[in-house]
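Undergrad: Listed below, chain by chain, are the residues.
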Amino acid sequence: MPSTDHHQLEQLASTIASLRSGKYSDFTIRCSDGALIRVHRAIVCPRSQVLSAAVDGAFKEALSQEIFLEEDEPLIVAKMIDFLYCLDYDDHRLDAGFQGTESIPAVDETAAAEPPTGLNASSLLVNAKTYIIADKYNIQSLKEWAVTKYKEVVPATWNSASFVESARLIFENTPESDRMLREIIIRKASENVKALFDRSEFVTLLQGHGDFTMEVLRDVVFNPPDDVRLQEVELDFSWGCVTTKKDKRKSRF
Amino acid sequence: MISGRGRGKIRPPRRPGVGGHDEIPEFETQWDILRSALKEIHTKNASKLSFEQIYRASYKIVLKKQGDRLYDRVREFEEQWFGTEVMPKIRQLITPNLINITLEGVAGVTANERRTTGEDFLRGLKAAWEDHILTMNMTTDVLMYMDRVYCTDNRKASIFTTSMGLFRDHILRGRLTGSELNTFNILNSVILDHISMERDGDTINRALIRSCAFMLEGMYETDEENDSDKLYLTTFEPEFLRASRAFYKAECTNLLQGSDASTWLRATQRRLAEEETRCYMTITPLTVPKIAKVVEQEMISAHLSEFLAMEGSGIKAMIENDRYEDLTILYQLVSRVDQSKESLKVALQARVVELGSDINKNIQNIDFSGAAAEPAENGEAASTGDKGKAAKQQTQSAKMTAAAIQWVDEVLGLKDKFDTMWKKCLEEDLILHTALTKSFSDFINLFPRCSEYVSLFIDDNLKRGIKGKTEAEIDEVLDKATTLLKYIQDRDMFERYYKKHLARRLLHGKSESSDVEKQMISRMKLEIGSAFTNKLEGMFKDMTMSDDLTSGYRTHISNLGDLDRKQIDLGISVLTSNFWPMESMGGDASRQEDGTQISCNWPSEINTLQESFKSFYLKERNGRKLTWLGFLGTADVRCVFPKIPGQTGNLGRERRHEISMPTFGMIVVLLFNELADDESLSFEEIQQRTNIPSRDLARTLHSIAVNPKAKVLRKEPENREVKPGDKFFFNTHFTSKNIKIKAPVMAGAVNKVEGDEERRETEVKNDEHRGYVIDTVIVRIMKARKVYSHQNLLMEVIQQLAQRFKPNVDMMKKRIESLIEREYMERVEDAPVPTYNYLA
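Protein sequences appear in the order of chains A and B. Just so you know, my numbering puts 222 at position 222 of the first sequence, and the rest follows in order with no gaps. Just so you know, my numbering puts 349 at position 96 of the second sequence, and the rest follows in order with no gaps.
Calculated from the structure, these hints are not laboratory results. Ideal Cβ positions, reconstructed from N, Cα and C, are used throughout, including at glycine. No false leads were slipped in.
Cβ-Cβ distance ranges computed for the label pairs, FRET-style: (1) B:Asp476 with A:Asp178: 20 to 28 Å; (2) B:Ala460 with A:Pro46: 32 to 40 Å; (3) B:Asp325 with A:Gly34: 32 to 40 Å; (4) B:Pro349 with A:Asp178: 51 to 59 Å.
In isolation and in its complexed conformation, chain A is listed as follows (with noise of 0.2 Å):
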């Protein structure tokens, strides 16, 4: 029974996943570029509030069955599109040759100067901005998702322009306390701080954003990017949650 489950599911969202073509859509996401991307509203909606108060409202949207996402990026628009049909957006971490969007700044020492890993650094720029779109038209799992995607790519491509480029636009256009996405960077600066250093953009960073100074600067004091020591104090954690003291003083011999 499971397994029926399970295959129904599956077809399921491959029928959803095939309607991104843009078949039987009713309504139309004009980007800035001109690009036409034809939604469904039964899928777009009920995952965005203010795609549907845009679309229920009594304004010009709901009229013209028609948004235009003026000051929206097209390319990521496009994701978050991906995202509601498929439950997934591509990052293009493995695609070399993808330069990331058109915002990226083309840093042609990359090559040289950041590790040889294989992955693309630009798609930290492509999950960060991601999660911004998310947190714009107010898509809770989209930004789970991009959080999750940047996690994975950045272990490898943090020393980068992309990373700092990243650690910017996160600052800039989401609220304070947003705090999913900045924990991750500010621990990722903190713990290398010192590698980072060598970057001007860091420095031009650190210097025009107090905040982000602020909390690396913080990281960095409270929680020094001691790997060993970091496991420790998870271990200790671990064990005052589940063993006494005297169990633990115990443990410890």
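Dock chain B against the given chain A, drawing on the hints supplied.
TA: For chain B alone, coordinates are given in the frame of chain A:
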């Protein structure tokens, strides 16, 4: 570098931190967009606006951490809007008339006028509210990011909530120019005015009021929006309840003065239904229980007892005239206000006792006329009257028995009436059932002869009543009997009577069906317990045993082959003396002072027979003592009357008759075998020879010498009374059409109502018996407790005896005294409360 062009797309046009002074214009730019959009929204022109653009403007402001400024600006905007656009329109609707109505109630304005102005006002307010909701929903949509980020992070009420508060404060609580009133006061008074119009029978626009109530339900006292703080609950509802209370108070007073209880019941029922409908249709379901309570208090509780006491329509009349519908409504109403239904309970109980006492009184009145003839009845056998009087006595006692049956029937009728009512109108309420049962028990036990009458009722039914009835009908009769039995407190008294009546039924073969008798017994066993029915069952056992004995003895005799002996066919009833009520069966006359039986002189033939049976009986039952009770049995005597010379017809022939007479009668008649036809025996001589107690003898002689049907003996002087000194002859001139003749049953063999004297005797005996029972119980308790306080002892005695009777406190005290005298127990001298000590 790809290009710098795209960077601007995702980043704000001006980089932050470049210059703080730049942010203000940035904010103002976005706010300009928003403000004009809000204006369009409020004037219902939103369809021209791009949602995306407005949303983006607010999104940017919030991202720039300027949510607080945005929030305040929106607030200001709304306040301004209320002040300049909404409120003036509402003010226009508030006419001086409306203000007057609010201030002084209804004065000089026709209902129609009031309704029109009121409706205009409500409509205007409703429209303002609906517009507000509509625009605020749209505003909330475009400011969604602010609500989500700024309001959540700073724990601010959402913009929607805030705007609700603004509406509340600016529109509803907005002070009216030149008056202490605000819109709220007007609103409340208009709605209340409309409701009161509807209560008076006018038609109003319910939907309109419903939407205004709904508006109040949608707003709260504070921005926290606690459910208990709904404006509806805090402002309107108390006013509504207060007005309703006043209205119903007046209405109920009117009804009390001008109508009967029946009208009141229906009016109240209608009002309750109306108010409920009003809550659902006109205001809000939230108020249903509260307004119901108001109506209940004012219409039901406040004057319930007055309505119940109403002459001709109150509870008395309802019960009297079987007004089931009234009673049903009454029950429903009373159950609403009082779970214990106290008032109804009291009224019903009083009614039951009243009606019951009437029945008791009626019967006692009949009793009284019977009691006047009482002494004569007692002297029935003592020869003090004439024929007419005796006949009258007979009918008198029959009448009294009929009265007993009538009493039972009436009680059952009353019970039926209340049962029907209980089922039909009282929803088979358990509390009331208990109360009714108690009142029935009360008035039945108020009637001193209840035990006797109930037993007589059963007797009557088992003798005659069940003839030709189906099983179901018999069951019904038994049910009735059982019901009554349940009510009786003095079970020992009942047992006494039942035994007496049962003994007569059994010994004289009067019982219609032994099956039904047994059913009755098993019902009593269920109802009262086996201790009660033990002896009754014993009586049945004796009867069956006797049948076996009779046939066994017959076989025994025929096996002996002693054919020489004059055959006397013996049918015997061996009664266990414990089970049978000897004294009430007439045995006390033949009992000596010390309680032993006086034995009469049996004729020799009978003596032989007795001896023969005795040896047969004792063969298997050693150590038992048989006492022969001459006063109980009957004997079939074959008499031969010689032909009378010189007579023709019947008298000219020899006549043989088989006469069934009392056993004593047989003894007497046998005396005459030895006499010549013209010889006589005086009453004294007969008594001397037979040793039959004179009272029994008088009775016996009465049935064989006075009664014309079986006048075997002739008496001098020839009258209807048997007196000492009378002479008796063998009646040679006896004739009868029948071969078999039954001498009439002795008085006392028929179950009927006791005379006053008998009654007193029975009571004395019963009290005596109770004394023994109490003694036993006290001793048993003291034996277990050793030392026990007086109070506790009395309580436990009462408790233990509750199944049998209700012991009298004086009697218990006397028994205790007597037990102390007999040294079963002693007083504990220095106890703080009176206490006894058991002496082993």
